[in-house]
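Residue 75 in the working numbering sits at position 75 of the sequence shown, and the numbers go up by one each step.
Rather than coming from a laboratory, the hints here were simulated on the basis of the structure. Heads up, a few of these hints could be off.
Stated by the list, open to error - Below 30 Å or equal to it, Euclidean Cα-Cα: the simulated DSSO-like pairs (lysine-lysine) are: (1) Lys-108 / Lys-130; (2) Lys-139 / Lys-167; (3) Lys-105 / Lys-130; (4) Lys-167 / Lys-130; (5) Lys-108 / Lys-139; (6) Lys-105 / Lys-139.
As the list claims (entries may be wrong) - Okay, the calculated beta carbon distance ranges per label pair: (7) Lys-167 / Gly-84: 35 to 45 Å; (8) Gln-43 / Glu-170: 43 to 53 Å; (9) Glu-122 / Gly-84: 16 to 26 Å; (10) Asp-180 / Asp-123: 27 to 37 Å; (11) Arg-175 / Lys-108: 20 to 30 Å; (12) Asp-64 / Phe-120: 30 to 40 Å; (13) Gly-165 / Gln-43: 20 to 30 Å; (14) Lys-130 / Glu-90: 11 to 21 Å; (15) Thr-83 / Gln-137: 28 to 38 Å; (16) Glu-170 / Glu-75: 33 to 43 Å; (17) Asp-123 / Pro-164: 17 to 27 Å; (18) His-179 / Phe-71: 11 to 21 Å; (19) Thr-77 / Thr-166: 29 to 39 Å; (20) Trp-68 / Asp-123: 19 to 29 Å.
Every residue gets a Cβ at the ideal spot worked out from N, C-alpha and C, and that includes glycine.
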Amino acid sequence: MSAFCLLQTTFQPASFPKMHIFAHPTDNVMDRTQDNLRQLGRQTDYHFDYDPSVLEAFDNRHPDNDYWVRFNCPEFTSLCPITGQPDFAEIRIAYIPARRMVESKSLKLYLFSFRNHGDFHEDCVNTIMKDLIRLMQPKYIEVLGLFTPRGGISIHPYANYGQPGTKYEEMAAYRLLHHDL
Numbered sequence: 001m002s003a004f005c006l007l008q009t010t011f012q013p014a015s016f017p018k019m020h021i022f023a024h025p026t027d028n029v030m031d032r033t034q035d036n037l038r039q040l041g042r043q044t045d046y047h048f049d050y051d052p053s054v055l056e057a058f059d060n061r062h063p064d065n066d067y068w069v070r071f072n073c074p075e076f077t078s079l080c081p082i083t084g085q086p087d088f089a090e091i092r093i094a095y096i097p098a099r100r101m102v103e104s105k106s107l108k109l110y111l112f113s114f115r116n117h118g119d120f121h122e123d124c125v126n127t128i129m130k131d132l133i134r135l136m137q138p139k140y141i142e143v144l145g146l147f148t149p150r151g152g153i154s155i156h157p158y159a160n161y162g163q164p165g166t167k168y169e170e171m172a173a174y175r176l177l178h179h180d181l
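Go ahead and model the full structure; you've got the sequences and the hints to work with.
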């Protein structure tokens, strides 16, 4: 996206801003119709409650290659399901794609949708991983949550998955056993 971008904010009754981001008309946006992507290059509507339906995938152009795709979300927020207080984390997602890949804007919107979602740290990490597995069926995926301290203790849940019956299943077992060494 070019440096020319228009940000429009309108306010809704719940006093949450509804933000829309529009690309500049001269931006060179590739044709996304073949991938059925609904979010990229279009008006952005932020969901303030957990919503996996915003996740979108596109075809991997190199499905025969093994390679890593990594995402860092340093400003992840969710709510404590008991106290309702906000929890903050950096979410790290790494995967080896198979036939489908997650579209990054939809991933941002998905992670943002946890903002008012009440769940424990471990549940957030496992939910993110399972939703991405359902979306893409990756060869391998891992999700790490680096949650900031609450009550003087920080929690760093880690979850991973490898396609059953493949070397990626063995890789998942190995990486889980050696994760924090």
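Structure versus earlier hints, numbers of those that do not hold, lowest first = As far as the earlier hints go, 10 and 13 are violated by this structure, in ascending order.
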